[in-house]
Amino acid sequence: MELQDIIKEENIVFKKTKLLNDKPLSYCPGCGHGTVHRILMETIEELGIDEQTIGIAPVGCAVMAYEFMEIDMQEAAHGRAPALATGIKRVYPKKYVFTYQGDGDLAAIGTAETMHCCNRGENILIIFINNGIYGMTGGQMAPTTLEGAKTSTSPYGRDVSTMGYPIRITELIAQLPAVRYVTRQSVHTPAAVRKAKAAIKKAFEYQAEGKQGTCFIEFLSNCNSGWKLSPVQANKWMEENTFKYYVPGDIKDNFKLLKNPIIE
Amino acid sequence: MSELRLMKGNEALAEAAIRAGVDAYYGYPITPQSEVMEYLMKANPEKTTGMVVLQAESEVASINMVYGAAGAGKMAMTSSSSPGVSLMQEGISYIAGAELPCVVVNVVRGGPGLGTIQPSQADYFQTVKGGGHGDYKLITLAPASVQEMADFMKLAFDLAFKYRNPAMILSDGAIGQMMEKVELFDPIPRRTDEEVALQCPWATTGRKRGTQKRVITSLRLVASVQEEFNIKLQNKYKEIEEKEVRCEMLQCDDAQYVIVAYGSSARTSMKAVEIARKNGMKVGLLRPQTLWPFPSKQIETLINNGAKGFLSVEMSAGQMVEDVKLAANGKAKVEHYGRMGGVIASPQDIYEALKKFAK
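As they're listed, the protein sequences go chains A and B. For the first sequence, position 218 matches number 218 in this note's numbering, and the numbering has no gaps at all. Remember, this note's numbering sits 264 above the position in the second sequence when you count from 1.
Next up, chain B with everything else stripped away, as it sits in the complex:
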């Protein structure tokens, strides 16, 4: 039965992984997401659902363990934080190139380098614009609550398998560490080997005699073959962009100015919208739940409905603001406001920035 609990974001995500019927978690400890593996190790789901939990020797190894299990049709995942996710980029690129479904969780901290363990959103570019080599995209979900940490776990796997594409849950240190009430969904049993074979005929589970062998690879040496594959990928990405955009709009109906914010920034921005409304400003909030595909059409619609400007509020030097600008396409004013290095902007800070922006 669904169940109410008070949990940390990282713990809710881990519990949701067990409940979603995930087959394997491979990870490496890093702050501020270590609770994910700690929770899983303590819950010991190998005894209940049969889910494998393994501490790898590095993030490089964990993402490649995910690659192996995903290639065999299993629901495999890993989680890390920024420096660890940088190490995973090679593997993520191969997984995208081999068209495998898997989920990677990034509980973002401040960078560059070792940076800080405080929350940040400075990995937007890495996640949404590439990170690894080659033309590929990650389906990117951005939870803004402990509830969404749990719910997006299942959604991420659903989308990853639907499109045979890696999915990223791009969280941040604040969402990962804070405690909130969460309604946990009912456990879904892990798929049987027969169900895996049926759902993933491409998976390497051992070639039955008289059938074609299955090969998982991202190697296509002939240029025309590689290009053909690139076109196939791009067509898939186009379909995802058309069908899978998810966002939440708050008080946008009559908004002259719209804050665009995700994750922790969206939470503080909600309060900023409240303050602004009390002071007579017609302000709304657009909260992307998918960062790729990005809610560009929604921004276009808001402009057509009279929105004059968009303020992208991020815990970074301004990364998502580029996508807001592309969506606005010169038809509305777009600026960025944000704090960096692990500092979270207060609602009052955002309200002040909004006043300046609207002048």
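The shape of chain A in the complex, shown without the other chains:
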């Protein structure tokens, strides 16, 4: 069989979603952002809700998410994405609204906006990329940086006695009664990607029900540039270290806590 005979419309097994354009992504090769962008846009396309969806980009590595996603989007100030999302959702309760935020954006400077948005049970989806570092500004300590981890602002390792503990904000958020769905996912293996995509789908389906309740998905991601590891090494390091402190899996579903969020 000739190659030309194989390259045919009916033989296509994978197609890039139309909701991601062909601009080169601004993320480092090996980073999880690109994969999360893809499954997020795929899900929106598959659910057919692209004409009703408004996304909010953060400040951080994903600051230009709106450059790649082919839907209406707004770019927020650092940490304020949940406030913008609230502002939009309240005047357009039937539209789908999501925020896309990193750990510095969501768990440091935007903690108040995040907690109170979730406490009001805004019917939106918060996507939280946790790579334990400030990637965009060159590898500084994040609120989620693990104890002992070396970054450019914790060059001798994170000392929890002076720098505080890595914050499990996802577990904190799960405690809020108006939060409907909380899960921690990753995109470092094909199996994880499939599970993560199913979580996004569930969150949008919940949002469609119009019931008061926030959906919150944390994605554990590597930052091979910031961690100064190859992508493969970074993913291995993440499995061996990050997953022990930030345990992947569903934490809350349909307003019910699935496990004690206080981890030993």
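Honestly, I wouldn't trust all of these hints.
Negatives, chain B to chain A, calculated, CB over 12 Å [what the hints assert, rightly or not]:
{"#": "1", "residue": "Glu321"}
{"#": "2", "residue": "Ala467"}
{"#": "3", "residue": "Ile495"}
{"#": "4", "residue": "Gln498"}
Below 25 Å or equal to it, Euclidean Cα-Cα: the simulated DSS-like pairs (lysine-lysine) are [stated by the list, open to error]:
{"#": "5", "chain 1": "A", "residue 1": "Lys94", "chain 2": "B", "residue 2": "Lys623"}
{"#": "6", "chain 1": "B", "residue 1": "Lys472", "chain 2": "A", "residue 2": "Lys94"}
{"#": "7", "chain 1": "B", "residue 1": "Lys572", "chain 2": "B", "residue 2": "Lys623"}
Listed next, the stretches of chain A that the computed footprint assigns to chain B, with coverage defined by at least 3 CB atoms under 8 Å from CB atoms of chain B [to be verified]:
{"#": "8", "segment": "41-55"}
{"#": "9", "segment": "72-83"}
These are computed hints drawn from the structure, not numbers from a lab. Note that beta-carbon positions come from the ideal geometry of N, C-alpha and C, so glycine has one too.
Starting from the known structure of chain A, fit chain B onto it as the hints suggest.
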């Protein structure tokens, strides 16, 4: 139907917001403007016009909620007082940088810091000269009565949407708290989603397939692109300066000396002009209703018509006086008189200052 009522300034503003067809109010309580949200919560316009009223967790959150709703083409507003408005400066700068229409109300109290809850005009610089980062301007309306608290609500939105620019209503604790007769304008229905789409094709309401996506952002990483945008903004500001100056002139026709005052200070200055006239002084009052754009040309005209001096009367250490000086451009004497810290100058105080000034 238009309707006569006796109301506080803050309440008149809130009622006017409902009547103007505003879509959303996001706010945080602070004295002396808490009546705005209290009135709105009690009126519960969500049940009548569909207007959203939400108490946010902070002024930082409220201004960013306004940002979101404004980016989606809705008429969104917030109100606060000085310390709260300081917290909003980041959001205001982003809104200006994203060219979004919205209205922010500042019922000014004395500062710096936590200061006092008494009326002040010490936020003139913050409002008119920047406040947040970057080269931007806020259309600034200065009400001097409860009537104008109501009327400027609608005007502020009209101007904000006309120019896709944030507008500020710069009031003060006295105007916000005092009660006066007010004639409320007839309610205007909120725009339908179709009308919003027609008026605001740039708004993020969901991209229709086969059309360009809409992006609301203030990020322009390439220097030349940012500069091009800055030039566009400056051209817009020039147009606003040419077309949107509003002011009131009282007894200025033959005035040798002119008081320049806005808000509460203008009210006390009116009485001071009356006293001065009784005592034979040829004095007038120029009351800017827009602080930016500032009535500079009007000041120039008054100088050409024989005005020798301008006394800027403000409840501050002297802020607007700088704009009066720039307008006078050395062709007339300009001085400031004012009280600070929440103290309101009496008409007699102003008259005495005027006598000294005219010597």
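Of the hints given before, which are not true for this structure?
When the structure is compared with the hints, numbers 1, 2, 5 turn out to be violated.
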